[in-house]
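Build out the structure end to end from the sequences listed, making use of the hints.
Chains A and B supply the protein sequences, listed in that same order. First residue of the first sequence: 1, per the working numbering; consecutive thereafter. First residue of the second sequence: 1001, per the working numbering; consecutive thereafter.
Simulated from the structure, these hints should not be mistaken for lab results. Since this is a predicted model, take the numbers as computed values, not measurements. Among the clues, some could well be false.
[What the hints assert, rightly or not] Here are the simulated SDA-like pairs of lysine to any residue, each with C-alpha atoms no more than 25 Å apart in a straight line:
id: 1; chain 1: A; residue 1: K153; chain 2: B; residue 2: Q1090
id: 2; chain 1: B; residue 1: K1109; chain 2: A; residue 2: Q180
id: 3; chain 1: B; residue 1: K1491; chain 2: B; residue 2: I1365
id: 4; chain 1: B; residue 1: K1111; chain 2: A; residue 2: F173
id: 5; chain 1: B; residue 1: K1178; chain 2: B; residue 2: E1316
id: 6; chain 1: B; residue 1: K1024; chain 2: A; residue 2: R84
[Said to hold, decoys possible] A few chain B positions that, by computed beta-carbon distances, are all more than 12 Å from chain A:
id: 7; residue: K1024
id: 8; residue: R1036
id: 9; residue: S1073
id: 10; residue: R1083
id: 11; residue: G1144
id: 12; residue: D1201
id: 13; residue: D1264
id: 14; residue: K1270
id: 15; residue: T1273
id: 16; residue: D1377
id: 17; residue: I1392
id: 18; residue: D1393
id: 19; residue: I1440
id: 20; residue: N1467
Quick reminder that beta carbons are idealized off the backbone N, C-alpha and C, glycines included.
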Amino acid sequence: MKFRRKYLAIPYVVFLFLFIIFPIFVIIFYAFTDSSNHFSLDQVINFFTDSSKIMVLVVSVFFAILNTAICLLIGYPIAYFLARKDYNKNTVLFFLFIMPMWINFVLRTSATRDLLFLIGLDGGHYPYLATTIGLVYNYLPFVILPLYSTMIKLDNSQMEAAADLGCNKMQVFFKSVIPQTMPGIVSAIIMTFMPTMTTYVISDTLSERNIVLLGSSIASAFDNNNWNSGSFLAMIMLIIVFISMIVTNRFTKKSEVSESIW
Amino acid sequence: MAESLSENPRIIELKNITKSFGNKVAVDDLSLYIKRGEFITLLGPSGCGKTTTLRMIAGFEMPTSGEILLNGSDISKLPPNLRPVNTVFQRYALFPHLDVYDNIAFGLKLKHLPKDDIEKKVKHALAIVDLEELAERDVATLSGGQQQRVAIARAIVMEPEILLLDEPLGALDLKMRKEMQLELKAMHKKLGITFLYVTHDQEEALTMSDTIVVMKDGRIEQIGTPTEIYNYPKTAYVADFIGESNIYNGIIKDHATIHFLNHDFEYHSKLKTNQKVDVVIRPEDIELRRTSDRTNREQNLIGTIISKVFKGIHFEYVILSGEHEIIVQNTKEYHVDDELTITIDEDLIHCMEKDYDNNIFLDAIINKNNELLIGSDTYEIDITQLLLDSKIDSDGYLVLNEHRFDLTNAEVVAEIIPSKITISDDLSLSNIHAKIIESIYKGDHYQIVARTEDEDDYVIIDPYPYNIGDIVSLAVKKEDIKLTLKGDLTKYEI
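What follows is the structure, encoded as structure tokens:
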């Protein structure tokens, strides 16, 4: 048998089926069956009639949007200055900013809780604030990294062209810098928005279980061997992923997406 | 307004503009004015300050000192968006997130013009650059030439008072470039706006410009029409940069004779007798004749062809006469090893005072080790030349009879003849390292200018070429450095 290059793809295809496609079907199967594996719409009815479950979804989306927005607001200028050679002569500062990524996630979150407790912002009294601080702290590097990688390639002459054609400094930013960094912004959103919805360690630890996000309720459903309910929630999340992907893709062209780190 | 405009034919005036980046001076006390409606080209090699000058007019760089006057008022502190000037960038700098139409409409939309006006103007601009069908296209799908046209349309649609073009054709292939040159020239005529063009391509400059400004080291070397620059270069540098030329060292023998190529030529001038000059002869200005037995070998310049290249409309020969190489372009065919008589019409001999003759360092100092300090480079020298028959004693003092002199920190003028400097690629040969910034072939040798880190320039004569930008070592024997003491020797007596 002659060796063909496409055989190299076999391990990947096997992996794809075993760990991605197959599990998705398993989730869909459990979402629309009952405990005796018969087709049922119980979970659909359960979810949409239980206001507490809807509330979890609403709170999750709220936190995801809030966290993404704050991270972008803080991360964008940081990435901009880190990427500019005239402000940041070496990459040390950049690594300092993304270093939290390299520290164990659970450890980091516990430390945040203790620190917030020390300054009086404990989750018992300020669950929303504590959770938000924890989320922003954890996801900021994931915003800075893709933004930094597009900003390093910012085309200075495009900015000059915008100024040349009549843009003041503000307009240069909105009409040239933002469009040029759009792929980075999209990557940053993808890397924060969905993970925020699924996280439960941060919200559980920092809000002292006062705030339940979608991730926590999936985890507790599975913990209680309620496979059908957990799967349905997981499927809801998948749908939101697809919707958010479609929305973010609208803001950017395909050619540009391929340039970002995704 | 219209009246005041017609009174002031100078649309833009640069007054003593200097721009430095850190220690590096990019533009050095440059003054220049541009006439309304002309096509002016800044020409020079990379690093000569031409792009920096354009960027200061556009507003991307602020001059360190000096004034930029537009219609008589100073704009040097204005940001680019407030200047009635638009730029065509070297790499086009189109906005990839917008299509062709929106790229061109970008500036008009910022002006909040009515939609109909915008559409009319964009369509007109598209027609000028011949891209009507591509309005809806994504700029990434366009060819280099098409992108260039969009960049031009985007600038001219703003109806600027001056259009700045920063090497706009550099990224195009040769055929495209030639086509665009003619189109730009036609566009300039049609639009009637002032074009300021920056290029390092002398042919491009000669083809398109009304006026050429040749720049070197942040300064203007010569300003003139293309024919003036080509036919009457002011310096050997300009001659070498514009077109192919033969450059030789010459000397004025008397008011009617010049000597170069080891031969006397008739040349009437007002230059002083014994004045050393650079002689420039264009390759197409040299006439060739076969030598016959009747040729007077004493009175004629005779050479032998050592190489021959067919260039389409003419042959290019390299002729060796004595030690000198002469490049000649001629439509008649000769062969390698043919012996020819060379004649040059008096009118076609271009003579210019030498730009370099000798290396003279006015601020040299003798240090405590009796070495010469030029900038931060040290040279071994013979200080006994400062006083006839003197010696150096064991303490390092200069001694003559009973007098002793301590020359530590003495200020001197040092003179080094270009041919006495040894230049080498081997950096270990001396501690003095310099970068080649200029190299001009003079028939039998190269005249090289090397610059040290302290920005001291050395002129060197060497039979071998060195590449511009190479780092070389320079060495001078101590007997070849001629010293003259500033002030009287007696003040150093101890």
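Hints, one by one, checked against the model:
Our distance criterion of 25 Å between C-alpha atoms is met by K153 (chain A) and Q1090 (chain B), whose separation comes to about 17 Å. Between the alpha carbons of K1109 (chain B) and Q180 (chain A) the distance comes to roughly 19 Å, so the proposed pair stays at or under 25 Å and holds. For the hint pairing K1491 (chain B) with I1365 (chain B), the CA-to-CA distance comes to about 15 Å; that is within 25 Å, so the pair holds. The straight-line distance between the Cα atoms of K1111 (chain B) and F173 (chain A) is roughly 17 Å, inside the 25 Å bound, and the hint therefore holds.
Straight-line distance between C-alpha atoms of K1178 (chain B) and E1316 (chain B) comes to about 23 Å, which keeps the hinted pair within the 25 Å bound. Between K1024 (chain B) and R84 (chain A) the alpha-carbon distance is near 22 Å, which keeps this suggested pair within the 25 Å criterion. With a least beta-carbon separation of about 16 Å from chain A, K1024 (chain B) lies farther than 12 Å from that chain, consistent with its non-interface assignment. For R1036 (chain B), the shortest C-beta to C-beta distance to chain A comes to about 21 Å, beyond the 12 Å cut-off, and the non-interface label holds.
Every C-beta of chain A lies more than 12 Å from that of S1073 (chain B), the closest at about 19 Å, which supports listing it as non-interface. Distance to chain A contradicts R1083 (chain B) as a non-interface residue, since its nearest Cβ pair spans about 8 Å, not more than 12 Å. Taking the minimum C-beta to C-beta distance to chain A, about 15 Å, the non-interface status of G1144 (chain B) holds against the 12 Å cut. With a minimum CB-CB distance of about 20 Å to chain A, D1201 (chain B) clears the 12 Å threshold, and the non-interface call stands.
For D1264 (chain B), the requirement that its beta carbon stay farther than 12 Å from each beta carbon of chain A is met, with the minimum near 56 Å. With a minimum CB-CB distance of about 49 Å to chain A, K1270 (chain B) clears the 12 Å threshold, and the non-interface call stands. The claim that T1273 (chain B) is not at the interface with chain A holds, since no C-beta of that chain comes within 12 Å of its own (minimum 55 Å). With a minimum CB-CB distance of about 30 Å to chain A, D1377 (chain B) clears the 12 Å threshold, and the non-interface call stands.
Every CB of chain A lies more than 12 Å from the CB of I1392 (chain B), the least distance being 50 Å, so the non-interface label holds. Distance to chain A confirms D1393 (chain B) as a non-interface residue, since its nearest Cβ pair spans about 53 Å, more than 12 Å. With a least beta-carbon separation of about 34 Å from chain A, I1440 (chain B) lies farther than 12 Å from that chain, consistent with its non-interface assignment. Consistency note on N1467 (chain B): stated as away from chain A, and its beta-carbon is indeed over 12 Å from all of that chain's, at 29 Å minimum.
Violated hints amount to a single one, hint 10; each of the other numbered hints is respected by the structure.
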